[in-house]
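Visitor: Quick mapping for you: the protein sequence lines, in order, are chains A and B. Going by the numbering used here, the first residue of the first sequence is number 1, and it counts up by one from there. Going by the numbering used here, the first residue of the second sequence is number 293, and it counts up by one from there.
The set of hints was computed from the structure by calculation and includes no laboratory data. Among these hints, one or two may not hold up.
As the list claims (entries may be wrong) - Some chain B residues well away from chain A (every beta-carbon gap over 10 angstroms; in silico):
hint	residue
1	Leu355
2	Asn359
3	Asp374
4	Ala396
5	Phe429
6	Thr476
To be verified - Calculated cross-link-like contacts (lysine-lysine; reagent style DSSO-like; alpha-carbon spacing at most 30 angstroms):
hint	chain 1	residue 1	chain 2	residue 2
7	B	Lys416	B	Lys532
8	B	Lys578	A	Lys151
9	A	Lys108	B	Lys532
10	A	Lys183	A	Lys108
11	A	Lys183	A	Lys198
12	A	Lys198	A	Lys108
It should be emphasised that the depicted structure is a prediction, and the values quoted were computed from it without experimental measurement. For every residue, glycine included, the Cβ atom is placed at its ideal position computed from N, Cα and C.
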Amino acid sequence: MKNVLRLNSIGAMAVRILFAAVAAFPIVFMLVSSLKPDQQIFGDMSSVAAFLPIGNISLDNYTAVFDRVPAARFLINSVGVSAVTVVLGIFINSLCAFALSRMQVRGKRVVFTAILATLIVPFQTLALPLVWWVNQLPYFELNGFSLEISKGWLDTYQVQIIPFIANAFSIYLYHQYFESIPKELDEAARIDGAGWFKIYRQVVMPLAGPATATVAILTFLPAWNSYLWPLMVVQSEELRPVMIGIQYFFQLNVSWGEVMAYASLITVPVVVLFIAFQRSFINSIASSGVKG
Amino acid sequence: MTTTQLPSRRPAAPATGGTPTTTVRRKRPGRLREQLSGWGMIAPAAVLLLAFVFLPAILGFGLAFTNARLISPRPVEFVGMDNFARLFTDPTFWRALLNVSYFAVVVVPVQSALALAMALLINKKFRGVNFFRTIYFLPVVTSMVVVSLLWLFMYRKDGLINELLSTFSFGLIQGADWLNDPATAMPAIIALSIWQAAGFHMIIWLAGLQSISGELYEAAQLDGASRWHQFRYVTWPGLKHTRSLVLVTITIQALGLFDQVSVMTQGGPLDSTTTIIYEAVRSGFKQQETSYASAISLVFFVLVLLISAVQRYLTREKD
C-alpha cells in the first residue's frame, strides 16, 4: 500500500514537471535567445543549447532595441498609464463595492445587478463604438489662464486610462471580500463617531489587502498588455505604450535576437511583479471563487 | 450578523432616555446621510461604467443600422438592415464564423480539461507547490501579443517546434510550415492559445477544488473508495458551479479570438484563420466603416449571449 502511494506521488511529480516544462519552454527560449546573435539562435535550435545561455552571450540585442525603437519612451508611457489605471481603479471600485456591500443604500441591488451584467459584454464588441464615442467627447486643456475646449480624446493619455478605471470584476471581487469582514467592526467605529468614509479608509480597506493585490494585478495586466485599443486610438509615437512597439519589428530585415530582447524587456517587469504578489494573488482569487 | 446586532441596540435606545419620537428623529438624519454618502461612493464607478460600457453598447447597437464612418463629413443616416444584408451575403463573414466555431469546439474541452488536470496536480500541499503554481501561471502574465510573436518565430519551417518534433521522434516527423499552410494555421493558433490561457482557468478550478470539504474525502476513504471513485463521486459533483463558470468564460474568450490572428496571420492563409472580431476590426478600423463593424459586433454579441444562455440552461438542467 505504501509503495503504491509512493509510486503515485512520484508519478504525480513527473506529470507536474512535464506540465511545467511545457509551460516554461517558450519563455525560457525567449529569454535565452535575447542574449544571442541571430546566427547562433538558429544554430542552437536543434539542440538543448536553445534553452541554455551559452556561447556568444551579450546584451547587444538590448542596446540595439533602444536604437531601433523609442523603447524608453514606450516603457515610461506604459508604466504611467498602468499605474494611474491601477491606483484609480483600486480606489473607485473598492469605494463602490464598500457602499454596495456594507451600507443601507436604497436601490443598491439593482445597481449591483446592472454592474454584474456588464461582465457579459466582451470588450471587443465595445471597442469600435467606443472609439467613435471618445472622439466626440470634449477635451479640456488649461493653457495659461484660459481654458481651451477641443473635441476628441483620440491621441491622448486619458483615452488609455479613463475608460478602464471602473471595472465590474474588480467591484465584484471587492464586494465578495468585504462580505467576509464582520459588519460589527463598522458598528463599533460608528459608535466611536466615525463617518462612512473613515470606516472605509481606516477599518475596511486595511483588512482587504489580498483583494487589493488581486485587483491590482488584474487591472495591471490588461493595462500593460493592451494592444487593440492603443492601436486604434493612439497615433503619436510619444504617447504609445510598449505593446505597440512590437509593430516596429514587423518591418523589413527583422533581427530575431532584437525581437526576443524587446519581448523579454516588456515581459520581465510583469513577471517580477507577479512573482512578488503571487501568493496573495492566487489565494484571494481562490477564496473569492468559493463564495461566488 | 444583523440579528446579533439588534439586541445590543435595543436596550441602548431607552437608555438615552427618550420617547420613541426622539429615537426616530435621531435616526433620520443618519439614514439620509447614509443614503447620500452611499450614492456618493457608488457614483464614480457607476458613472464611468455608464459612460464607457452601457453607452457604447447602446451606441454600437444604434450605429449598426446607420452608415456612420469613423471620420466623415457626411451626416449619419439611418439605413435599416443594409449592413446586415451585406454581412450575411459576405463569404468572409461565414468563413470567420466557421473558423471561430472550429476554434471554440477544440479549445473549450481541451483547455478546460488541461486546466483541471493542472489544478488537481497542485491542489494538495507539497514541497515546491508555489513554484509549480507560479510556472503554470507564467504564460498567463505574458501578453498575448508577445506570445504570438514568440510562437510566430517558433512555428517557422526551420523553427523550434519542428526541431523539437524532429528530435523527439528521432527524425521521423518532419514538421509543417505551420502558419503558411491553410490546413495547419488554425491548429497552430489553437495550440498556442491553449498554452497561454490554461493557467488562468487552472486558478478558477483551484478555487472550486478548495471549496470542497475535506471531510467528504475522508468519508470516501473510509468507505474504501479508489482515487478514481473519489474524483467521480466527490470532486466532480463538487465542481458543478465552477464547471459552468469555466465553460462560459472559455467559450466567450474563444469567440473573441483576435490578438493571435492579428499578429501571426492577419486572417490568412486563404482566410483560414480570420475571425469575427478580426473582421470587425478590419472593417471598422482599417476601412473606417464604423457602421458595418458595429453590425458585426452586434451579431457577435448576440452569439455570445445565446451561447452563454444555452450553457447556463444545460448546466442547470443537469442538477
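Visitor: A separate judgement is required for each hint: does it hold in the structure or not?
Guide: Hints, verified against the model:
A beta-carbon of chain A comes within 10 angstroms of the beta-carbon of Leu355 of chain B; the shortest separation is about 6 angstroms. At roughly 13 angstroms, the least C-beta separation between Asn359 of chain B and chain A is larger than 10 angstroms, which holds for a residue marked as non-interface. The claim that Asp374 of chain B lies off the interface holds: its Cβ sits roughly 17 angstroms from the closest Cβ of chain A, which is beyond the 10 angstroms cut-off. A cut-off of 10 angstroms between C-beta atoms confirms that Ala396 of chain B is not in contact with chain A; the least separation is 13 angstroms.
Listed as outside the interface, Phe429 of chain B is inconsistent with that label: its C-beta sits roughly 7 angstroms from the nearest C-beta of chain A, within the 10 angstroms cut-off. Residue-level check passed: Thr476 of chain B sits 18 angstroms from the nearest beta carbon of chain A, beyond 10 angstroms. The suggested pairing of Lys416 of chain B with Lys532 of chain B holds, with an alpha-carbon distance near 20 angstroms, which does not exceed 30 angstroms. Between Lys578 of chain B and Lys151 of chain A the alpha-carbon distance is near 22 angstroms, which keeps this suggested pair within the 30 angstroms criterion.
Restraint check for Lys108 of chain A and Lys532 of chain B: satisfied, since their Cα atoms lie roughly 29 angstroms apart, inside the 30 angstroms limit. With a C-alpha separation of about 17 angstroms, the suggested pairing of Lys183 of chain A with Lys108 of chain A holds against the 30 angstroms cut-off. Only pairs whose Cα atoms come within 30 angstroms are accepted, and Lys183 of chain A paired with Lys198 of chain A is accepted, the gap being roughly 15 angstroms. A distance of roughly 21 angstroms separates the Cα atoms of Lys198 of chain A and Lys108 of chain A; the hinted pair therefore holds under the 30 angstroms criterion.
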